[in-house]
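S.K.: Residues in the sequence shown are numbered from 228 upward in steps of one, following the working numbering.
For the record, the hints were derived by calculation from the structure and aren't laboratory data.
Yeah, the Cβ is synthetic: ideal placement off N, Cα and C, and Gly gets one too.
Please note that the accuracy of each hint is not assured.
[Stated by the list, open to error] Estimated spans, in silico, between C-beta atoms of each pair:
| # | residue 1 | residue 2 | range |
| --- | --- | --- | --- |
| 1 | LEU273 | PRO321 | 38 to 48 Å |
| 2 | ARG344 | ASN311 | 20 to 30 Å |
| 3 | ARG344 | SER285 | 49 to 59 Å |
| 4 | LEU391 | GLY292 | 55 to 65 Å |
| 5 | LEU385 | ARG410 | 31 to 41 Å |
| 6 | ASN289 | GLN328 | 48 to 58 Å |
[Stated by the list, open to error] No farther apart than 25 Å at their CA atoms in a straight line, the calculated lysine-lysine pairs in the BS3-like style are these:
| # | residue 1 | residue 2 |
| --- | --- | --- |
| 7 | LYS338 | LYS313 |
| 8 | LYS372 | LYS313 |
| 9 | LYS331 | LYS372 |
| 10 | LYS288 | LYS313 |
| 11 | LYS372 | LYS338 |
| 12 | LYS338 | LYS288 |
| 13 | LYS313 | LYS331 |
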Amino acid sequence: MMGKKTVSQLQNGHRVFLRRSNRIVTEGPFAGQFRVIGPGHPIRALVGDEVELPCRISPGKNATGMEVGWYRPPFSRVVHLYRNGKDQDEEQAPEYRGRTQLLKETIGEGKVTLRIRNVRFSDEGGFTCFFRDHSYQEEAAMELKVEDPFYWINPGVLVLIAVLPVLLLQITVGLVFLCLQRRLRGNPF
Numbered sequence: 228m229m230g231k232k233t234v235s236q237l238q239n240g241h242r243v244f245l246r247r248s249n250r251i252v253t254e255g256p257f258a259g260q261f262r263v264i265g266p267g268h269p270i271r272a273l274v275g276d277e278v279e280l281p282c283r284i285s286p287g288k289n290a291t292g293m294e295v296g297w298y299r300p301p302f303s304r305v306v307h308l309y310r311n312g313k314d315q316d317e318e319q320a321p322e323y324r325g326r327t328q329l330l331k332e333t334i335g336e337g338k339v340t341l342r343i344r345n346v347r348f349s350d351e352g353g354f355t356c357f358f359r360d361h362s363y364q365e366e367a368a369m370e371l372k373v374e375d376p377f378y379w380i381n382p383g384v385l386v387l388i389a390v391l392p393v394l395l396l397q398i399t400v401g402l403v404f405l406c407l408q409r410r411l412r413g414n415p416f
């Protein structure tokens, strides 16, 4: 959203304000029930690995009966959705089918974690976690940084890793050749 403006719209009979922070704040009977809190810093993952995106409500309360989900802005592609006590796989974006799992061990405390398996470069970017209780909803934005596993290795080290085996092979072949040549001349070591 551009600038510091606050946009107001009517949703389910309640006024909803979408602010620059990407949090939804509702006025009405459910206002102020809870806040949604994400990690507060970018989460890093390597291509091909698993990553966990934590999300919780504050104050902590049982979220078993709530709708919980993650989506990708700006087009709201559903990454994972939990509603009526079960995962709603049919609503998931195709690129996330079979790759996500909602860890619900602490949902009774208002804490959930989304696990994404086989991380891809296309997973990099923003994710939004939300909790919805009846007509009250709060969200938290988070950022996923996806890196190449070889990113942390200095290019000089990569060259050394590639050249060292060849160099060792040449030295070994040279020593074997010298040993054979001395034996043929009758000069053993």
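S.K.: It remains to establish, for every hint, whether it holds in the given structure.
M.R.: Hint check results:
no. : hint                         : in the structure
1   : LEU273 to PRO321: 38 to 48 Å : 23 Å, violated
2   : ARG344 to ASN311: 20 to 30 Å : 24 Å, holds
3   : ARG344 to SER285: 49 to 59 Å : 28 Å, violated
4   : LEU391 to GLY292: 55 to 65 Å : 59 Å, holds
5   : LEU385 to ARG410: 31 to 41 Å : 39 Å, holds
6   : ASN289 to GLN328: 48 to 58 Å : 21 Å, violated
7   : LYS338 to LYS313             : 16 Å, holds
8   : LYS372 to LYS313             : 29 Å, violated
9   : LYS331 to LYS372             : 24 Å, holds
10  : LYS288 to LYS313             : 18 Å, holds
11  : LYS372 to LYS338             : 22 Å, holds
12  : LYS338 to LYS288             : 9 Å, holds
13  : LYS313 to LYS331             : 10 Å, holds
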